[in-house]
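Undergrad: Read off the chains here:
2 protein chains.
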Amino acid sequence: MSIAPWRSHLASALKKNRNQPHSRYFQLATVRSDGTAANRTVVFRGFLEDTDKLKIITDARSEKITEINNQSWGEICWYFTNTREQFRIVGKITIIDANHHESELQKARESTWQELSDNARIQFVWAHPGKPRANPEAFSPPQPDANKPLDNFCLLLFEPVKVDHLRLRGEPQNRTFYMRDEAGVWDVSEVNP
Amino acid sequence: MSIAPWRSHLASALKKNRNQPHSRYFQLATVRSDGTAANRTVVFRGFLEDTDKLKIITDARSEKITEINNQSWGEICWYFTNTREQFRIVGKITIIDANHHESELQKARESTWQELSDNARIQFVWAHPGKPRANPEAFSPPQPDANKPLDNFCLLLFEPVKVDHLRLRGEPQNRTFYMRDEAGVWDVSEVNP
Ligand SMILES: Cc1cc2nc3c(=O)[nH]c(=O)nc-3n(C[C@H](O)[C@H](O)[C@H](O)COP(=O)(O)O)c2cc1C
Ligand SMILES: Cc1cc2nc3c(=O)[nH]c(=O)nc-3n(C[C@H](O)[C@H](O)[C@H](O)COP(=O)(O)O)c2cc1C
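Protein chains in written order, with full-length UniProt numbering: chain V, 1 to 193; chain E, 1 to 193.
Simulated from the structure, these hints should not be mistaken for laboratory data. It cannot be assumed that every hint is accurate.
Quick list of in silico lysine to any residue cross-link-like pairs, SDA-like style, CA-CA up to 25 Å [said to hold, decoys possible]: (1) V/Lys-162 x E/Thr-66; (2) E/Lys-92 x V/Lys-148; (3) V/Lys-92 x E/Arg-180; (4) V/Lys-55 x E/Gly-35; (5) V/Lys-131 x E/Leu-166; (6) E/Lys-55 x E/Asp-118; (7) V/Lys-131 x E/Arg-180; (8) V/Lys-92 x E/Gly-35; (9) E/Lys-162 x V/Asn-174; (10) E/Lys-131 x V/Glu-190; (11) V/Lys-55 x E/Thr-81; (12) E/Lys-131 x E/Ile-65; (13) V/Lys-92 x E/Ile-65; (14) E/Lys-162 x V/Glu-67; (15) E/Lys-148 x V/Pro-193; (16) E/Lys-162 x V/Lys-148; (17) E/Lys-92 x E/Glu-67; (18) E/Lys-92 x V/Glu-49; (19) E/Lys-131 x V/Lys-15; (20) E/Lys-92 x V/Asn-174; (21) V/Lys-15 x E/Asp-118; (22) E/Lys-131 x V/Lys-131; (23) V/Lys-162 x E/Val-43; (24) V/Lys-148 x V/Asp-34; (25) E/Lys-53 x V/Lys-162; (26) V/Lys-148 x E/Lys-55; (27) E/Lys-92 x V/Ser-62; (28) E/Lys-131 x V/Gly-35; (29) V/Lys-55 x E/Lys-131; (30) E/Lys-16 x V/Asn-174.
Some chain V residues close to chain E (C-beta under 7 Å, calculated; not the full set) [claimed, not checked]: (31) Gln-27; (32) Asn-82; (33) Phe-87; (34) Arg-88; (35) Asn-99; (36) His-101; (37) Glu-102; (38) Ala-183; (39) Trp-186.
Predicted model only: the values in this text are computed from it and were never measured. We put the CB at the ideal spot given by N, CA and C, even for glycine.
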């Protein structure tokens, strides 16, 4: 597979903003079953090996899982504060949960779990997110097995089909659309900001 | 009107993060006519006087206008990097464009225009956003009248009905839901992060 043409720009933004831990966070928008928008911050966990698919981790008990099962298209909005540039990424989301049948993706889910910090892993043992606040004990469970992902641990794969790259620092500003056609070829065009 | 209970927390976050210009930016998610999510960064322009409605400005030619006309509910995701807290705000968006009939809101649109910098105002004279890149001349038009908003200048009013306030810095973390009932009364509840 050839790497998408927007990847080098994203890599450069990640590099130039790496002194900011928040440069690895972006906002993921999905659609609720009532047809309204949902939006939350998540952590970028790198690309799935040899693909342009972004990795995100989440809890099977979180609302976004129901939303993605209902409408698998989402949009990422990723603003880099040092370089003042934004990537908006439209894509299709695949949920790799404990029951996912493809063994290659199950392996990716496992290795993502293994690479997490203890602090990130333990959150998957916490009480049900969004339910009335549980007792403090519910938040100090024993550490889960660092090798085997818990059942509620999900890997999300976000596969981009459109990228809108806006750079505020231009004169005036610069904005580039990247659009992937059915054959997987990316079309690049300069547009008005 | 009494001020909503989440307002003091937001005011405190704005204060503690004010050394970061990006603390006044948030991501606004809407829904496209094909039922998929859209997401972009916009600037917080304060609250409409004596209300809990957030002000946002935009161009009538931008995609979000079509989207909001189709589905007026959106979600704001606002992450504050210094204090590591997130406000997710569900609300209904009203577009105050040049043809809006309520004179009070037309006044708010006018004063918002007047308070903009020259730099922000001139963008409304630029070539059509998202269309193939125009010649450089299209981006150096004469300054528009600072008193009278251009026809394509829109004020968006975002009226919150639900706020999800997540603070990563707690032990473990803290998360509070604020929900407005039909009578306009806010219910507050502590939930699991
Ligand atoms: C800085 C930051 C990073 C976060 N990273 C993630 C993440 O990687 N995955 C995740 O599911 N939630 C993450 N969250 C929590 C989400 O914003 C959200 O509260 C949670 O996923 C529940 O959302 P949902 O019920 O709409 O699915 C993060 C929150 C913040 C503030
Ligand atoms: C830091 C930053 C601030 C922005 N502020 C606004 C804003 O206040 N209003 C706006 O319409 N667009 C703003 N934009 C541009 C939007 O992100 C987006 O590119 C534009 O509104 C077109 O989106 P749409 O076609 O989906 O409506 C901002 C972009 C950045 C990176």
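Undergrad: Please go over all the hints and tell whether each is borne out by the structure.
TA: Structure-based check of each hint:
Using a Cα cut-off of 25 Å, the hinted pair V/Lys-162 and E/Thr-66 holds, with the two alpha carbons roughly 19 Å apart. The straight-line distance between the Cα atoms of E/Lys-92 and V/Lys-148 is roughly 43 Å, outside the 25 Å bound, and the hint therefore fails. For a cut-off of 25 Å, the pair hint linking V/Lys-92 to E/Arg-180 is broken: about 33 Å separates their Cα positions. This hinted pair checks out: V/Lys-55 and E/Gly-35 have alpha carbons roughly 23 Å apart, not beyond 25 Å.
Between V/Lys-131 and E/Leu-166 the CA atoms are separated by roughly 14 Å; this keeps the pair inside 25 Å, and the hint holds. In summary, the hint linking E/Lys-55 to E/Asp-118 is supported, as the alpha carbons are separated by about 19 Å, within the 25 Å threshold. A C-alpha spacing of about 18 Å is found between V/Lys-131 and E/Arg-180, which places the hinted pair at or below 25 Å, so the restraint holds. Taken as a hint, the V/Lys-92 and E/Gly-35 pair is honoured in the structure, with Cα atoms around 13 Å apart against an allowance of 25 Å.
Between E/Lys-162 and V/Asn-174 the CA atoms are separated by roughly 35 Å; this puts the pair beyond 25 Å, and the hint is violated. Under the criterion of a C-alpha separation no larger than 25 Å, the hint pairing E/Lys-131 with V/Glu-190 is consistent with the structure, at around 9 Å. Of the supplied pair hints, the one linking V/Lys-55 and E/Thr-81 holds, its CA atoms being roughly 22 Å apart against a limit of 25 Å. The straight-line distance between the Cα atoms of E/Lys-131 and E/Ile-65 is roughly 16 Å, inside the 25 Å bound, and the hint therefore holds.
Only pairs whose Cα atoms come within 25 Å are accepted, and V/Lys-92 paired with E/Ile-65 is accepted, the gap being roughly 24 Å. Taking the CA atoms of E/Lys-162 and V/Glu-67, the gap is about 18 Å. The hint holds against a cut of 25 Å. At roughly 23 Å between alpha-carbon atoms, E/Lys-148 and V/Pro-193 fall within 25 Å of each other, so this suggested pair holds. About 37 Å separates the Cα atoms of E/Lys-162 and V/Lys-148, which puts this hinted pair outside 25 Å; it is violated.
Using a Cα cut-off of 25 Å, the hinted pair E/Lys-92 and E/Glu-67 holds, with the two alpha carbons roughly 12 Å apart. Straight-line distance between C-alpha atoms of E/Lys-92 and V/Glu-49 comes to about 40 Å, which puts the hinted pair past the 25 Å bound. Restraint check for E/Lys-131 and V/Lys-15: not satisfied, since their Cα atoms lie roughly 30 Å apart, outside the 25 Å limit. Between E/Lys-92 and V/Asn-174 the alpha-carbon distance is near 31 Å, which puts this suggested pair outside the 25 Å criterion.
For the hint pairing V/Lys-15 with E/Asp-118, the CA-to-CA distance comes to about 33 Å; that exceeds 25 Å, so the pair is violated. The hinted pair formed by E/Lys-131 and V/Lys-131 fails the criterion: a straight-line CA distance of about 45 Å is larger than 25 Å. With a C-alpha separation of about 23 Å, the suggested pairing of V/Lys-162 with E/Val-43 holds against the 25 Å cut-off. Taken as a hint, the V/Lys-148 and V/Asp-34 pair is broken in the structure, with Cα atoms around 35 Å apart against an allowance of 25 Å.
With a CA separation close to 32 Å, the supplied pair E/Lys-53 and V/Lys-162 exceeds the 25 Å bound. Pair hint V/Lys-148 plus E/Lys-55 does not hold up; C-alpha atoms about 47 Å apart against a cutoff of 25 Å. Restraint check for E/Lys-92 and V/Ser-62: satisfied, since their Cα atoms lie roughly 23 Å apart, inside the 25 Å limit. With a CA separation close to 28 Å, the supplied pair E/Lys-131 and V/Gly-35 exceeds the 25 Å bound.
A distance of roughly 31 Å separates the Cα atoms of V/Lys-55 and E/Lys-131; the hinted pair therefore is violated under the 25 Å criterion. Taking the CA atoms of E/Lys-16 and V/Asn-174, the gap is about 32 Å. The hint is violated against a cut of 25 Å. With 7 Å as the threshold, the beta carbon of V/Gln-27 comes within range of chain E, its nearest partner Cβ sitting at about 4 Å, so the hint holds. Among the interface hints, the one on V/Asn-82 is violated; its C-beta lies about 10 Å from the nearest C-beta in chain E, farther than the 7 Å criterion.
With 7 Å as the threshold, the beta carbon of V/Phe-87 stays out of range of chain E, its nearest partner Cβ sitting at about 10 Å, so the hint is violated. Using the Cβ-Cβ criterion of 7 Å, the hint placing V/Arg-88 at the interface with chain E is satisfied: the shortest such distance is roughly 6 Å. Among the interface hints, the one on V/Asn-99 is violated; its C-beta lies about 24 Å from the nearest C-beta in chain E, farther than the 7 Å criterion. At about 26 Å, the closest approach between the beta carbon of V/His-101 and any beta carbon in chain E exceeds 7 Å, and the interface hint on this residue is violated.
Checking V/Glu-102 against chain E: minimum C-beta separation of about 25 Å lies over 7 Å; hint violated. Interface hint status for V/Ala-183: violated, as the beta-carbon distance to the closest one in chain E is roughly 22 Å, over 7 Å. With a least beta-carbon distance of about 17 Å to chain E, the hint placing V/Trp-186 at the interface is violated under the 7 Å criterion.
In this structure, the earlier hints numbered 2, 3, 9, 16, 18, 19, 20, 21, 22, 24, 25, 26, 28, 29, 30, 32, 33, 35, 36, 37, 38 and 39 are contradicted, and the remaining ones agree with it.
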